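Trainee: Now for the letters of each chain:
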Amino acid sequence: MGNLRYVGHEEVRSVDGWARVTGEAKYVCDMTLPGMLYAKVLRSPLPHARILTLDLAPALALPGVVAAITQADFVEHGNFGWPVRDNYVLAYQKVRYQGEAIAVVAAETEAVAKAGVEAIRLELAALPVVGDMQAALDADAPRIPPATVETDGNLGETIILRYGDPEPLLAASPVVVETSYDLRHQEHAYLETEGALAIPEPDGGVTLFANNQSPFINRDIVASVLGLPPQQVRSIQPHIGGTFGGKDDVLYECSAQVAKLALLTGRPVRLIFTRAESMLASYKRQALRVQLQLGADEHGNLQAAQVEMLADSGAYASMTPMAAWRATMHAAGAYRYQAVHVDTQVIYTNNGYSGAFRGFGNTQAAAAVEMAIDELAERLHRDPLEFRLQNCLRQGDRTMTGNLVEHEVGLAACLEWVRERSEWERQRARYASQPADAPRRHGIGVACYFHGCGLGGEGTDFAVSTLKIERDYSITLTSGLTDFGQGSRTVFTMLAAEELGVEMSRIQMLRPDTRTAIDSGPTVASRASIVGGNAVRVTAAKLGQRLRLAAADLCACAPAQLVRAGEQYVGPHAEPHSFEEVVDHARALGLQLAAEGRWEIPAVEWNLETGTGKPNFAYVFGAQVAEVEFNPRTGWTKVTGLWAAHDGGVILYPQGARGQLYGGIAQGVGYALMEGYLFKDGVPQRTDLRSYRVPRAIDLPEIEGTFIETRLNEGPYGAKNLAEPVMVGTAPAIANALFQATGVRVQQLPIPRQPRA
Amino acid sequence: MELNFILNGKPLTLTEVDEETTLLQLLRDRLGLTGAKRGCDTGVCGACSVLVDGRLAKSCRTPLAQVDGHEVTTIEGLRGPDGDLSALQTAFLEYGAVQCGFCTPGMVIAAEALLRRNPHPTRAEIRRGIAGNICRCTGYQQIVDAIEAAAAQRLAQEGEEDG
Ligand code: FES
Ligand code: FES
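Here the protein sequences come in this chain order: A and B.
Position 610 of the first sequence, counting from 1, maps to 1275 under our numbering, and the rest follow consecutively.
Position 96 of the second sequence, counting from 1, maps to 1191 under our numbering, and the rest follow consecutively.
Since the hints were made in silico from the structure, they are not lab data.
Here are the simulated DMTMM-like cross-link-like pairs (lysine to aspartate or glutamate), alpha carbons at most 25 Å apart as the crow flies: (1) K691/A - E1189/B; (2) K1105/B - E689/A; (3) K779/A - E1111/B; (4) K691/A - D1136/B; (5) K779/A - E1115/B; (6) K691/A - E1171/B.
What you are looking at is a predicted structure, and each value in this text was computed from that prediction instead of being measured.
Taking the hints into account, I'd like the entire structure generated from these sequences.
Mentor: Laid out in structure tokens, this is it:
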């Protein structure tokens, strides 16, 4: 990439870094306005109950309380949900999980708002709690979703995959592993809790500052429950303190609540969740129960897989159907098979509710299959890494959904890299011969993964971007896809600068704002780099072409004869012309100096009825090795080494990519060993950061990581994606390492801490 | 109560201060210094970290009585007189230690406290030094890189000044 100025360069830095490192960046909790009211939420103390009495009068009677709202203040009781409309911005008739919002009070101070919430008269009639997915499917289980949603009792959706017929193949396989896994809920624990600030506008509309992930969906939902046209709701995203998939539905609720209060009172209203509230009321990574059968022939060639999964959606669907779809499409892993069947059921329970979280279903699916593959390798007396190399996807192979992979595949190279860097053979042999009664037992394990790029069959996958050259020659950039710490703003700025041949500092990327940017659907599934990146590129190419025309005219040559020297345009005959001169000339010629561009992912199609089709147009790949130390006396596991190789195509922003890699792995370590958001009969057991532990610097080893560069022709400059999938391989690699250390197979995540002395 | 303390190098007297308020509330809600963040309000996450007399303190757990007559430094007070970034802040940017940035002010403060105590920490000591601060985004590795580099640079600078 010798002639690229920014793409792939080590020196590119985050465009948001300065504001953040000085403490000047304003997050929504840092914003206050004169006359602003503080909002507090009344939440359900029970996981499942009918609302008998809800009386706001005692709250409204308190001095300093200005307004209070319930579902009755919204159109159709505030019914919303994307893609399934089964939720309410405030509970209607019933509460379905502990922590569900019931009413909101706005007051002059936070303390008064809290007193107001405590004064509300609430009477609930407890309903039987459904805390278990199997029990939820019983014929006499109480129905959880509202009657308006079409379901088969508590069974929300069934997702199938049909590729060939695994049954005869499994029957004929000399070695078949049959196993099951129980993968528990995970909390996002973004460091910034949920929050929104609503400001009433003179036209009867409302402006929102909210730390949501998808401002356009938020705008549309808020407008619909308020009965306003979408143009009268403006949603602006300030700096956001992490999301990892977790700031969608819960933010729609909280945005609608403050918006309504702002309209009622005519004053700005702000609501910021406490940590306990955030942990209680936000949605989680869905728990999955997985049953797997894998078969291989006597030469160790994988033959077939049969998988059944139950996905715990909790009280509301949120994105669980989509995450379960993705889990289904990845359930047998990054290997060649003759046949694969997967059946996944999405189930309503009273266990909070679940939605999007980094990895989006694949984190769970990959964990299960990678532990099973390890077991299969062991049964075949094969080295687990060698076994993976034999069976892993390569260019020209068919995936577990039966689709040909035509693009370059870096998976084998990833496996080889981690093998070499971890000194796999040597360590593996060393730990195999450690004494059974050693006070510390060691093990090393491997896992690999693939991850479909973009939304796939989950929705239309496009993005829109705009660019405009301002009077001062700076360039304003917008994108409908957003940044919440994962670095897209830097990537987009870089791509625009690269394509236009200007300094990055010339480009000002506006904060995502539904009034200035153009709707691009949700910012999920790590699609920002490919889809959003391409949209920026297309837009910049349009604008660049006009500048080129103007420059050619100035330089009295054909556009093709122009070269660039820094920002200057150089023709074959005349003096070089500065960017400013070219812009002035373009203006004089009457060329439009603003452009809009759209990019859509190549069409893929999935038939939900037959369970066949093409789920994703491309894949990323990766492999990780983990080394652990197990203390048999305490049951404590420490990760002592981690090696990670990721094939994310061409890496656009190396420093940011490494940050995603390390950050994803850290969340994977948490998922494997410490996190586990546990429910007992619908009651969350850990709602603070003391009992729900997330990894700290001392819980992690030094990570050695790399990117194996392949090219994806459709990606911007050949890039694929990486923010999500990098966490996918970590938990199973740790589980497999722990097997070498203890001789006991992991069946549950987080791995229960069990002394074995 | 009346409160006298030094905030970011400037003496400050405040009247009608509620004794129940924490230092974090005072900074954010009364003084408008929003650099210190509220990540948990229970002393677990470190996002609210400040220096009290040069030592690391979680301002959400610091009663004002402990501040009266003392010196408090927040992220806003770390920059040089002309607004230049401190060596630590520069290193955080250089090494990609900032993602969403919500932990960053507290993390920089924790690193500052560490380097004042131990100017030449090993990577393991750095990890222990920031163990009171949660970062959910970065996996800490680039934060450790940044602190290590800033330590080396501070030592080199002091060497020059002494020499
Ligand atoms: S806010 Fe003080 S430690 Fe979390
Ligand atoms: S950068 Fe997001 S919490 Fe540290």
